[in-house]
Every structure is written in structure tokens, then in C-alpha cells.
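Engineer: So you can see what is in the structure, the chains are spelled out below.
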Amino acid sequence: MSEVAPMTEASPEPTQEEEEATKRGLGIAAWLAIGWLGCMVFLAVSASFLPLDDPINGSIRETPGVSYFTEGHIFGNDLLGRDTLARVVVGTSTSLSIAALSIGFGTLIGGFVGLVAGYVGGRIGTALSAMFDILLAFPPLLLALTLVSVLSPVTETDPPSRIKRMLVVALAVGLVSIPILARITRANALSWSQREFVMAAKSQGAKPFRIMLREVLPNVVPAMLSVALLGLASVIIVEGGLALFGLSINPPDPSWGNMVASQVDDLGETPHVWIVPSVFIFLSVMSLNLLGDVVRDKFAVREAAI
Amino acid sequence: MTWLLRRVAQLVVVVLVVTFFAAILTSLLPGDPVKTIAPFATPQDRARISEELGLDKNVISRYVDWAGNFFTGDMGTTYAGAGLQGDSISARVRESLPTSLTIVFYVQFLTLLIALPLGVFSAYRQGSLFDRGGNGMAFALVALPTFVLAALLKFWLGLKLDWFPTQGYTKIGDGIGNHFKSVAMPVMTLMVGQIAIYSRLLRSDMISTLQEDYILMAKAKGIPSRRILWRHALRPSSLTLLTVAGLNIGALVSGALIVERIFKIDGIGGLIYTAVGQRQYIAIQSYVAVIAILYVVINFLVDMLYSVLDPRIRNV
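Taken in order, these protein sequences are the chains called A and B.
Counting along the first sequence from 1, when you hit position 126 you're at 878 in the working numbering, and nothing is skipped either side.
Counting along the second sequence from 1, when you hit position 201 you're at 448 in the working numbering, and nothing is skipped either side.
One chain only, chain B, in its complex shape (with noise of 0.2 Å):
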């Protein structure tokens, strides 16, 4: 229990300090921020957004201003060049955020469909062909860049071979067809890589596992390999597993950044992507916050799930 509770304050304290980096963004912008955010506007609208980011006051009560605003769901408005407010960053956010869980959920979900079973097989036959030829697959999707991936995928399947829309989202609702069209190509641009670090992960620890007294043991009952690889072998192994999809989250997170970007879609990186553009520098803060903290809640959930399946970490 104890344990627990020193690991949500972790999560809590960590919270903090990510989005403390986030409100005070705008203080590191060289010069006077105002002039940044809001390059065109009269000196009486500068004054006016001064007073509305708060830049007059110090970082502390700045900060405490800002994330009161910020956990209440009021994130601001964006800034027109004159320093006319524009739309609600909340509500964006709002509107993309599921389509950008929803990429990275089905990423998760089909990469250990298929991740486990090609682990565990070539862990079962290891040294085989099927084992060394993943093995060598492994070491060069690693080292193929998420953008040159979906470059080539948009290419091929996209523009060559028009099976997918090369840009755009369409929601489950408007058609379940075109829905999972609209997401094949992003989803297979950022499991391929992820499906090669798991596999082999999961492969080594499984090597190992299988070497234990146990598994001779239920082998010597009798047991058809099947049930040992899938109800003896795999809990033990998938620990390593287990810390490393927690550690990816991040690499995940910037695949997503980059793949919204390269298919056009609107996820919470197309609009970063836009804010970029645009020198949205109050939206992208609220960006920088919303996905760092959804970062550190999903690192901290994997933690969990990983005292779950071992039980000795909960006394540690």
C-alpha cells in the first residue's frame, strides 16, 4: 500500500513539473512574448494580452493561474496576428484527442496480436531460419524512421496502388469501412516498428524462461507444448515486455506527432502541426501539457499492470 501511495505521489509531483515547463513556455520566447504571440496588434491589444496571459505577474502565481484555468478544461483562445482571440483551444483539443487515441489504441492492440505469437514461436524454434530471418528484419525495420515508413507506405499503397486515402480521418461513425481505411496506413507505419522491438523482446526473455526446472518439469508430464509456451512460459516473460511498451509510449507518442502529420490528419499532432505553423504558442502549451501528462498517467497504468503480473515488485 504503501507503495502505491508513493508512486501516485511520483506521478503527482512529476505532473506538476511537466506542466510548470508547459505554463512557462511562453517566458522562454527571446524578446517580448506579446510581440511573438501577436505580431500585428496595437499596443493597447498588446497591453490587454499581457494582462490575459498574466505575463506581468511572477511564475508562481502565473503558474497557479494557469493550471487552475487548465484542469477546469479552460485552456484559452488562440491569438489572430492583430491579438483578436480566436477559437477555444479547449474544444479543439476535445475534438482531436480521440481520434488520436484511437490510432495509438489500435497500434497497441494489433502490434501484440501480432508481436506475441511471432515471439513465442521463434523463441520455441530458436535458431531456426524463421528465427535468424527475424532476427536480421528486426534490426533493419528498427532502424527505418517512422516519417521515411509512411512516406513509402503513402507512396505505394496510397498513390501507386490507391487501395488507401492518402490523408484525411474518417470517423467510425460515418462509415466503418472508410474508417478503417482512413487508419490502415498510419496504424501499419507505426506498428511495423513496434511489432520488431517486441517480438525480439519477448523472444529472449522466453528463451530463458523455457530453460527453467519448471518447464522441464511439465514437459515431463506430458503437457503438448502449446499449453507450456502460452500458460507456463509467457506470464514470466512478458515483464521486460510489459516496462519496454511502457518506456515506447513516447516513442509512440512521436510516431503519432509525425504520422498526423504525413497523412493529414487531424489528431492532437495536426494540431500541434498547424499551431507550429501559425506560432500558436498558447495552444501549443496546452498541447505540450495535454500530452505529457497523458504520457505519465499511461507509464504509471503500465506500472501497475506490471505489479499485477509479478507480484514481488509490490514489496520492493
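Chain A with its partners taken away, still in its complex shape (with noise of 0.2 Å):
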């Protein structure tokens, strides 16, 4: 399980098949989920800038509970009168800050981990990928819901503030996200490292840190791209895993996930509360699985280093 078979088809000349995918052009689905993921991005950067209602406080001024296109509130507002559309932004800026947060932090160690795993090979190879298996012999939600609940226990006396969460709750779904990310660039760094490019760079004497850096890793970034744009995915659906149990930010505070767990005791009563970011979390994981793919077929990462 933890040797890799070296590829047999290790030069990755591409067959005629992957070169047509190269060349041809992103295609209107790729370019639906980049002005998607556009809109969210913008969203979740200017959310404390937009003429918003308040998020946290509902007005007693409102009527709660009503439902869509009400004047005023397009998606409605909640039983405590707090308008969706206003929670589901700043829940956008919550969720993707989180999402990217954890994906960096696993791109960057599991990348460094996995690239070191890859190129120098041998015991040290062996011993760092056996390593990985284990972390991956934990089911991804277990693993991330008793790190929260252990790194972050709730006394009633001080709850966490928003930001520390947050950072608990990243740093819980980056360690999850680290052997997928380290396993995926081993591979990759492993059929590289034998190409006659490497070879040269070697003989010429240059340091085995900066062959990995600069011969080495430019190759590798389609396939972990590839492989991070599906963990942001993973990590939205995770943290909303999360927010089930109680264990992403803490309510008042809208999270996508927060927002659907909510009400899912109460799905009849105002059923707008969690529809709305329920079709934000599905658009977004679609769109990022989607260029996901994209990437992964563009850049002809074959599917046998996976």
C-alpha cells in the first residue's frame, strides 16, 4: 500500500487524447464556476463594506420569519428578524476564510513534507509516507471534530472569540487536509525527480534544496492545485460537519454551515434560513470540484499519480 509502483509511463509525454484537452479552450461550465467563485470572493472581501443589516442583532422593528423577496430583505429574515442575505455574506467571508486558511496551511506543509518524501526518496520516503497512511487511517470529520473539541473546549464562563475559533477550527481541517496534499505531490515529485532535466541540474552540482524548488516543483503545482481546489471543497462541506455538532464558530456568528445546523432541528418553521446557504455551499463545492477537473485535465496530471 505504501510503495507507489513507479509509473510506467514515467515521461510524461502526453497521448494524443490529453493534448487535445490541453488545447482546448476552459469551456462555458469552467468559466460559470470562476464568475461564481468570483462573486463569492468579492463577497467574502467586501462583506464589512457592503450596506448590510446587521448580521448578529436582529431589529425588533421587523417582522421575523418572513420568507423570500419581502421588500427589504430579498432572501427574508429569521424568527430573531436577522436578515439572511446579511448573514449569508458575512457567513461567505466566514467559510471561505476558513476554507482557504486550512488549504494553505495543508498545501504548505503537506507540499514540503510531501516534495521531501518525493525526491529524496529511500527511508526517509518510506518512513513519511507510512506516516501519512496513518494520519489517512482516521475518517476526515472524526479527526477534525475531536481536535476542535479538544483544542477548544467551551467553558460557558469565555467563549472563544470569532477569530480564535476560526484559527482552531482551520487548523483542525488543515492538519486533515495535510497527507492527502503530502501524498499526492510524493507521487508526482517522485516520477519527476527522474527526469534528465533533474539529472542535469544534479550533475552541474546544484543543491538538492534548490533542485527541489526550482526544477522539481514548478512540475508538481498543476497536481497540488488541482488537488487543493477539491480540499477547498472538502473543507466547506467539512466545516458544515462541524457546525452539526456544534464545533465551528459559535453562534451568533453565520458561518454557511452555522446557518443550516441552526435550523435542523426546525427545518419546517422558516425553511428560506437554510435553503439560501445550502445553495451556496452547493454551488460553490460544484464549482470547485468542476476546476478541479479542469486543471487536472489541462495540465494532463495523470490520474495514476493520484
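These are calculated hints, taken from the structure and not from any lab test.
A portion of the hints provided could be inaccurate.
[As the list claims (entries may be wrong)] Taking CB as the label site, the calculated pair distances span:
# : chain 1 : residue 1 : chain 2 : residue 2 : range
1 : A       : V797      : B       : L252      : 54 to 64 Å
2 : B       : R478      : A       : A781      : 35 to 45 Å
3 : A       : E1021     : B       : N425      : 23 to 33 Å
4 : B       : P286      : A       : E1021     : 43 to 53 Å
5 : A       : V872      : B       : R379      : 37 to 47 Å
6 : B       : D378      : A       : G779      : 17 to 27 Å
7 : A       : P1004     : B       : G415      : 42 to 52 Å
8 : B       : P286      : A       : Q946      : 54 to 64 Å
9 : A       : G779      : B       : P483      : 26 to 36 Å
On a predicted model such as this, the values are computed, not experimentally measured, just so you know.
Ideal placement from N, C-alpha and C gives every residue a C-beta, glycine not left out.
Need the complex rebuilt from these two chains, each delivered in its own frame; the hints are there to steer you.
Structural biologist: Now the structure itself:
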């Protein structure tokens, strides 16, 4: 299991089919996905500047629990009179920050360890990949759940601040993503390390660190990017799972997962409050999955290496 | 044979590491762990708990003690806020585990029952409307998180149409009709994504198998297509499916935790939900260990099955 078979077609000469895939345009679906994600990033960044209602404190002047397309509340509001649009936009910034932080963390550490394991190989490589296998032996949600509940135990007296809680969640989910990213980086680094230009650099006396960064890494990036995009999607999903167990950021602060989780025991009351963030989650996850696939096809990342 | 021994050794090592992680969880608690476990306990009670949990000993001997108890079926008890001992954790696990396993079993069984014909048929009719439609649908369904799908089903089938109970679990002994009704929505939720993944995988493997010479040979001999598909092509095409089935157990376990939470089922996911809410860290330790061991063992069994299906693996 731990031994990755040396790829038979180690020379990444693209086959005809792959060549077509790399030349083809992005296609309308990919552009739609980029457009949607662009909107999400815009909302996340500008959440605090947009003219939105207060996402945390409801107003007593509002009729609580109105549905979609009410005047002033395009997505309605909840039983506390809080505007769903405002909450989902602030939730966007929370959910995307957690996703970006954890995958950034996972890519940095997993990428580095995987690169070393793949390039140096030998005993160190085997030992490192045995470690990834063990980390992968935990179901991801369970590991994240345990880590958050242990690292940030909520005591009634001092609930951790929003930022601190976000960092803990991102750290826990990031830890889960390390072995996945390390594995793919290692598999790719392994095959690229055998190429002639790496030999050439070696024979010119380049230091291992330089070869790893300048020769191997640039070739491994597409594979990492593809997995990182899929990873962002799974972090969004895992955040929702954590929220169900009360382990994402603390209510009343909104995140996509929190908004669904808060309604899950009373789905019929104000359905728009959970349906709106669900649609946001669904479209974002689908876009990220699609782009992950596009990157993989475009750069002819071989499945065998995954 | 050496292959089998190596796999078993690997299994043992992973189980040890996984349980070790679970056993030292309490040391990761920031500050004084006893204070978090029993915040309102008197100093005497705190000292007693600390001794019971072996917090004053070093990590290794604490693990040995814990593992000795754990593997003989004694998982300790829960602690109330004032430091009093509560229920036995092992009893809770024994009660809930069958529920979770039943659900996971139904899901796996029904998934294969539906995904196999779907995959085979869309490979056979590659490029047809059915195939392309299936592809698009699978892509969308994979992007639908378990908790969103569970919420949608609970809302429509449970609340609006009132077909199934929205929460709780009926044991098979307490009425077979009610049993199936109570698991219907959780099982459906978990099946959808799995079917999408499995049928697509099987399809792509089938397509490459169908291009092999021996399939052409079988066709030339006049063997009916149904027999070619099911008897000649399916077995060599099912390897990737199996590997992914093994890896997918992780996703399935995560999914089971989520549906049990949403449909308020007292499986191991329900236990974890309660334990997290009440900060029962000692209980969480055992639950984590139980699930992780199950996961590792199932993966191991899938590996075994893999070698039965493809004799070449055994010699690697």
C-alpha cells in the first residue's frame, strides 16, 4: 500500500487525447464556475463594507420570519428578525476564510513534506509516507471533530472569540488535509525527480534544496493545485459537518454551515434560512470540483500519480 | 503468505497508533484536563479523577493501562460536572454500535445493488443520452453535501409529505415496517453520493475492459451481450471500484455521523454529538478509538477481498 509503483509511463509525453484536452478552451461551465467563485470572493472580501443589515442582532422593528422577496429582505429573515442576505454574506467570508486558511496551511506543510519524501526517497520517503497512511487511517470528519473539541473546549464562562475559533477550526481541518496533499505531491515529485533535466541540474552540482524548488516543484504545482481546489470544496463541507456538532465558529456568528445547522431541528419553520446557504454551499462546491477537474485535464496530471 | 503477514503487521501498527492518539487526547486539552472534564469538582474529587485517569503517570504507561482496559471492554465511565461517575461507556457503545452498523450495511448493500447495473449499462451504451445524463447528474450529486441532502429529505419527505418519521430509530425487533421507515431517509441520504461515485467508476473501467481482445472473441463466438457484460467484463472491471469502496468507508463514517445527528438516531454519531455537547472527553476518547479501529479493519478486509478478485496482487 505504502509503495507507490513507479509509473510505467514516467516520461510525461502527453497522449493524443491529453494533448487535445490541454489545447481545448475552458468551456462555458468552467467560466460559470470561475464567475460564481469570483462573486463569492468579492462578497467575502467586501462583507464589512457592503450596506447590509446587522447580521448578529435582529431589529425589533422587523416582522420576524418573513420569506423570500419581502421588501427589504430579498432572502427573508429569521425568527430573530435577522436578514438572511446579510448573514449569508458574512457567512461567506467566514466559510471561505476557514477554507482558504486550512488549505493554505495543508498545502504548505503537506506540499513541503511530500516534496521531500518524493525527491529524497529511500528510507525517509518510506517513513514519511507510512506517516501519511496512518493519518489517513482516521475518518476526516472524526479527526477534525476531535481536534476542535479538544483544542478549543467551550466553557460557559469564556467563549473563545470569533477569530480564535476560526483559527482553531482552520488548523484542525488543515491538519486533516496534510496527508492528502503530501501524498499527491510525493507521487508526482517521485516521477519528476527521474527526469533528465533534474539529472542535468544534479550533475552541475546544484544543491538538493535548489533542485526541489526550481526543477521539481514547478512541475508538481498543477497536481497540487488540482487537489487543493478539491480540498477547498471538502473543507466547506467539513465546516458544515463541524457546525452540526456545534464545533464550527460559535453562534450567533454566521457561517454557511452554522446557518444550516441552526435550523436542522426545525426545518419547516423558516425554510429559507437554511435553503439559501445550502444553495451557496452547493454551487461553490460544484464550481470548485469542476475547476479541480479542469486543472487536472489541462495540465494532463495523470490519474496514476494520484 | 508473507504478503498476508505484512498486511496484518501493518494493521496492528495502525491500530496501535490510532488508539494511542485516542488515549492521549486528554493531554491535548489546554490547561488542567481535570478542570475541563469536571469543572465543579472539589479538590479531593479532582485528585481522585486525576488518579483514575492516570493523568499523573507518563504517556506510555497511561496508554498501556488505557489499552488494557479498552481491549477487555472496559471503557470507563462518563463524568458529571461535579466529578461524580456516570454511566458505563462500554454499555453505551454496545447499545449504539449495532444501529450505526445496520445503517452502513444497508447503504453499502443498496448502493452496490443500484450502482452495478447503472455503471454496466452506461458503459454498454457509452455516449448515449442515458450515459451523458448520468454523468451530469453524478457530478451534481457529488457536490451535494450530506447534511444539505439530509436536510432536504427531512424537509420534503418527512415534514411536507409525511412519508417517514423525521427522527428516531426503531429496532428491527420492534416492527419491521417501522424499522425500514425509520432508516429510509438516513440510508437514502448516504446512498445518493455513493451511487454517483461507484457507477461512474465502474463505467470507466468497464469501457476499457470492453475494448479487450477477449471480449471481441466472446462476441465472435456469439455469446449474448448480457452474459459478456456480467460474466466476462464485470469482474476485471471491479478492482478500482473496490479500492475506492475501501477508501470511501471514511466518507461513509463521516456521513453516518452527520445523518445520525440530523435524524436524531442513537448510533455512535448520536453518542458523539451528546458527548461533545456535554464535554465528555473520556467518552469521546473511546468513541474515536472504536470508530477508527472499525475503519482500519474494514479497509483491511477490503484489501483482502481485492486480492481474492485479482490474484496478481498477492504476489506483489
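Engineer: What hint numbers does the structure not satisfy?
Structural biologist: 4, 7
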